[in-house]
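Peer 1: Take a look at the letters that make up each chain.
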Amino acid sequence: DAGVIQSPRHEVTEMGQEVTLRCKPISGHDYLFWYRQTMMRGLELLIYFNNNVPIDDSGMPEDRFSAKMPNASFSTLKIQPSEPRDSAVYFCASRISGSYLYEQYFGPGTRLTVT
Amino acid sequence: TQLLEQSPQFLSIQEGENLTVYCNSSSVFSSLQWYRQEPGEGPVLLVTVVTGGEVKKLKRLTFQFGDARKDSSLHITAAQPGDTGLYLCAGAKNYGQNFVFGPGTRLSVLP
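If you read the sequences in order, they're chains A and B.
Take 5 as the starting number for the first sequence in our numbering and just add one per residue.
Take 14 as the starting number for the second sequence in our numbering and just add one per residue.
In case anyone wonders, no lab produced these hints; they're calculated from the structure.
Given the structure is predicted, the values throughout are model-derived calculations rather than measurements.
Take these hints with a grain of salt, some might be off.
For each label pair, taking beta carbons as the anchor points, the in silico distance ranges come out as [stated by the list, open to error]: (1) A:P88 <-> B:A81: 40 to 50 Å; (2) A:E87 <-> B:V68: 42 to 52 Å; (3) A:P85 <-> B:A81: 22 to 32 Å; (4) A:G20 <-> B:T75: 23 to 33 Å; (5) B:N31 <-> A:P74: 25 to 35 Å; (6) B:Q27 <-> A:N75: 27 to 37 Å; (7) A:E22 <-> B:A91: 44 to 54 Å; (8) A:E48 <-> B:L71: 20 to 30 Å; (9) A:M43 <-> B:A91: 29 to 39 Å; (10) B:K72 <-> A:N75: 19 to 29 Å; (11) A:E22 <-> B:G95: 32 to 42 Å; (12) B:K72 <-> A:M19: 44 to 54 Å; (13) A:E48 <-> B:K72: 26 to 36 Å.
Positions of the beta carbon are idealized from the N, C-alpha and C atoms, including for glycine.
Whenever a hint applies, use it, and build me the whole structure from the sequences.
Peer 2: So, in structure tokens, the structure goes:
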């Protein structure tokens with residue numbers, strides 16, 4: 005079974021441009037998480053969805069960030085306009101409800117560089 | 014201020030040595046997880062512990078959850094270069110809540 009799929013793996017863009025990151029969760033998983041990882045702040049939860057509905061977006065840094073999950077197999081994280089301080093590795097993760105051990109499965113990440 | 018502290022921040026050892034890394038907090042957690050992350054990849058779950066005092070073993074790795082459920086340790090016996098990576102602990106205060114991650118311990122095992 006394929007794991008969590010993210011695209012692109014690397015993105016380099018100029019400040020002010022729109023960036024869209026994509027995620028396909030593991031089939032059958034009903035929770036989807038977006039994280040950001042930096043050296044300074046570590047791994048931070050940005051937003052998560054349950055059954056395609058956003059549940060908690062308190063980790064989203066500001067209005068420039070938005071996330072959608074139009075169906076159970078696809079989610080996007082958009083940054084508009086992008087800024088250099090948004091440079092980080094963005095991870096998507098999924099898990100299935102009812103799992104006693106709350107196993108999250110992470111994708112390989114998208115490394116974003118904003119110049 | 015980090016909810017979870019991990020120590021040491023960096024650790025470099027020779028192949029065959031034993032090591033212990035720690036995850037500490039002033040908060041009580043209902044469950045705690047350990048992940049290993051290799052360069053260019055996402056974190057991979059190693060274990061979840063949910064009972065105070067619980068000990069779990071995964072081959073050469075031994076995980077312990079503190080009696081008060083505020084801390085945890087990961088002990089690796091006879092470390093191998095393949096153990097190299099970033100070890101992250103993550104805790105959830107209540108069942109069903111999301112996990113908060115610690116800053117990680119970066120381990121390097123030299124051949």
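Peer 1: For the hint 22 to 32 Å, verify it against the beta carbon of A:P85 and that of B:A81.
Peer 2: Hint violated: Cβ distance 47 Å, outside 22 to 32 Å.
Peer 1: Has the hinted range 27 to 37 Å been met by the Cβ atoms of B:Q27 and A:N75?
Peer 2: At 50 Å between Cβs, range violated.
Peer 1: Are A:M43 and B:A91 spaced within 29 to 39 Å by their CB atoms?
Peer 2: At 30 Å between Cβs, range holds.
Peer 1: State, for the Cβ atoms of A:E87 and B:V68, whether the hinted interval 42 to 52 Å holds or is violated.
Peer 2: holds (46 Å)
Peer 1: Range first: 32 to 42 Å. Now tell me if the beta carbons of A:E22 and B:G95 are that far apart.
Peer 2: This hint holds: roughly 40 Å between Cβ atoms.
Peer 1: In this structure, is the beta-carbon distance linking A:G20 and B:T75 contained in 23 to 33 Å?
Peer 2: violated (50 Å)
Peer 1: Is 40 to 50 Å right for how far apart the beta carbons of A:P88 and B:A81 are?
Peer 2: Once the Cβ atoms are compared, 42 Å apart, the range 40 to 50 Å for B:A81 and A:P88 holds.
Peer 1: Just to be sure I understand the hint, the distance between the Cβ atoms of B:N31 and A:P74 should be within 25 to 35 Å; is that true here?
Peer 2: violated (49 Å)
Peer 1: Between B:K72 and A:M19, is the Cβ distance one that fits in 44 to 54 Å?
Peer 2: holds (47 Å)
Peer 1: If you check the beta carbons of A:E48 and B:L71, does the distance land in 20 to 30 Å?
Peer 2: holds (27 Å)
Peer 1: Starting from the hint 26 to 36 Å, judge whether the C-beta atoms of A:E48 and B:K72 obey it.
Peer 2: holds (31 Å)
Peer 1: Determine whether the Cβ-Cβ distance between A:E22 and B:A91 falls within the hinted range of 44 to 54 Å.
Peer 2: holds (50 Å)
The structure shown violates the earlier hints numbered 3, 4, 5, 6, 10.
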